[in-house]
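Protein sequences, first through last, are from chains A and B. The numbering of the first sequence is the working numbering, which starts it at 1 and goes up by one. The numbering of the second sequence is the working numbering, which starts it at 1 and goes up by one.
Source of the hints: derived by calculation from the structure; they are not laboratory data. Glycine included, C-beta positions come from ideal geometry on N, C-alpha and C. Mixed in with the good hints, there may be bad ones.
Unchecked claim - Which bits of chain A does chain B cover? Going by a derived footprint, with three or more residues having C-beta under 8 Å, they are: (1) 19-26; (2) 170-181; (3) 219-229; (4) 336-346; (5) 385-393.
One-letter residues, chain by chain:
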Amino acid sequence: MADATMGTPASAQRPALFLRNATGLVKSWSTFDAFVYSFWSVNLITLGLYGMSFVYTVPDGQALAAILIFGVLTTFLVITYAMLVSVMPRTGGDYAWQSRVLGGGLGFVLSITGWWFTLFLWAPIYANILVVQFFSPLAYTLGWSNVSTFFTSQNGIFVACLIVLAFVSVVVTMGMETYARIQKVCFWIGLGGLVVVIGLLAFASQSDFQNAYNREATSLFGAPANAYQATIDAASKTYAGHDFGFFAFGPLFLLMPWLAFYLLWPNWGATLYGEVRGAKDIRKPFWSMFWGLWVTVALVAVVVLLIAKTMGWNFYQSANAAYWNSLFAVQGAAAPPVPIWPYPVMFAGWLVDNHLFQALLIIVMGLWFFGWAGTLFLSSTRVIFAAAFDRVLPAWAANISAKRRVPYGSLVLMIVPSIVISAIYAYRPSFTSVFLDATAVLALTFLATVVAAIILPWRRKDLYDASPVANYKIGGIPAITIVGVITAGFLLWMLYQWSFNPDNLYGTSFQKTPNSVIYFVATYIVAVVIYVAARIVRSRQGIDLRRIHHEIPVE
Amino acid sequence: MPKVFFATDLHGSEVCWKKFLNSARFYGADVLICGGDMTGKAIVPIVSENGHYSVTLSGESQQVPAEQVAEVEATIRRRGYYPLQMTVERLHELDQNPDKRAECFQEVMLAGVDRWMKMAAEKLRGSGIRCFVCPGNDDEMEVDDVVRRAELVELGEGRVVEIDGFSMISTGWSNPTPWKTHREDSEEQLGERIERMAAQVPDPSRAIFNLHCPPFKSGLDEAPAIDADLRLLHGGRALRPVGSTAVRAAIEKHQPLLSLHGHIHESKGAIKIGKTLSINPGSAYEEGMLMGAIIQLDPKKGIKSYQLVNG
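Put together the whole structure using the sequences plus the hints.
Quick look at the structure:
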């Protein structure tokens, strides 16, 4: 039943491989499909605009240059992950890589904190994005200001978290195949909306925008005349202003931890299914992640330039400063005349004097949220499954219902703590800093994976030597090690800034935010306790967890 | 109190087979069960020309002198492919003639299985370890004869075998696949095939169903979604249940103590279907890693413990 040949060596048109018909041999996927997935992970609108709204905290940081440099540095992360996929193609994911290279205990603690415990924090963050980019602007545009007000109340914040958790649960229940179809629809319609936003900003002048802003600020929010200038004035109490053309090298790097909020995730879900032959196909994960990252970087650059041209960079940053500083009760902060989060999509919509059009634009751009948020717990459920199969977690954690294939065990483990954390987020504002650390802990998880990649050629020589990656060396040093060291340096820089920035620029410095330190130390302690308890319990059952990853001798 | 080590879907990886044979000592197992799909999926030609050898592996073409060919062959075997030295003329013949290619595949596969059986004899002789092999849907029917002739490996297919007071039935046949492989049945036929063996099992609570194909919608049968042209859908990230309804029905009806499966490499897991513990240890043969399951059976408790390992 041999019926296929494959491959073309450089020397001549001749087959490099004869394949026979066998189960599981598939043709490669469309790079575009994989790109869409990666593109959603570094979501330009939901995460991107939200993350960009904090850039004002580094007044001398040139956003455009910082975005491009971040793109270059994150490319090393993409290469590192693509190489790991190449070495361990179908047992991929941070948990598997870390466990197999660093050891089962360390792999469990680092992955479970990053992909399980920290994801609890992302539910409220997603909820906040849903409120500020969808519910609030839509409600104000349709004249339902009481709806918007509700979502700023503690109960409203909690309800928004429950909506996100319900949505994510539905997606997990329906499965990735159905959701992937929904994502495709959201992608194309959302992209259409983005083209409209870009077109509006491109063809309007700054005076057009000022007039539109002043008109809608009065119409929708009852703001006094010249709300544009009033916004800048409100921010001036706590924000010195920024000239878009100003460039200084040092502050660029202080912007990196903010940009990480949305640009650090092209490797999200960097796993590979299906048995696809040939190195070219193995390279596809790289290209899908690469283009997911760089198309977003390019689009962010376009959006930033258009904001600077049409809205005025100083105005946009002032609007962000006025909003966040007022919300965080920064000393001396004044309330902005337009009291909601400065959503560039809503502002662009205001260039058309029609509330129905404005509402439609917000709804269409809301698809960037609904096509993206569904995968929130996808990696978490995988890690929980893997830990349950390794007998570190109880077997029920990997249970799925027979009829609808709902992974109810892992869902319970994600949803119940997320509800508790969401309640803390809604009703205990003093814990805000904990949520700001959500990016940092995932970066720490990535760092552990990158360290695994760096030492892979020595620690798992067998796997490394058998992989195509072994062919790539620079000056005799494995390329995966060199690329990994660069990536590690980049991640360490950001982790240092998150943890020790003397000005508490990111709201996460250890010396200023004891709550977040306590929370994260506690999560690592809980992870260690779970692992140690599992070792003891399983040992009594005659199961030695240490042998999960011990390699059997070949000879 | 037998301790069983189960691995499956080695697909020609000689490293994995060697590890499988060594796993008995490594894990202290008394019984080894190889769940099927032993034979490889690809031949990598090593072409002799102009005094050197040309080979392309993972997209990288290289030319090696004769003294390095053995090393290259070992690397190819490690990845689960069959290395085959040939002339340029033979290469073109295999490329253009599907019948010749099929014949060549059968030769190298049967030779490979025969070599593995000899390795097993060397490794297991005098150890008292029982070793069962049950060829899977990707293995040609002729593989059974090679296993039957083996000195210390027992063929499982279609039989009820006794293992220290436990009964094991085995089949490598699967429900239909898009690849139209060697051992595929309709769900109805597969159900009958299993039932013929299950009817001979004296006590299901002490039975092992070694069925290559996993039960439908069990979580052990999630394969990448593909289209009619075998192209991965949705960036290769969407999974679909492809297990057998007949296998599921047999497990639900007879409620054996343990069911062992493979077939779907990505779908590693252990779940309960009623009273039955169903395991698919997964496969990462192309990495040279032996994914397996250690099951400690107990005359009173049935299953004392189990563990999935990556050896």
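For each hint, the structure was consulted:
1. 19-26: holds (count 8)
2. 170-181: holds (count 5)
3. 219-229: With 0 residues closer than 8 Å to chain B, the region 219-229 of chain A misses the three-residue bar; violated.
4. 336-346: Per the Cβ count (0), the hint is violated.
5. 385-393: With 4 residues in contact (Cβ-Cβ under 8 Å with chain B), the coverage given for the region 385-393 of chain A holds.
Violated hints for the displayed structure, listed by number in ascending order: 3, 4.
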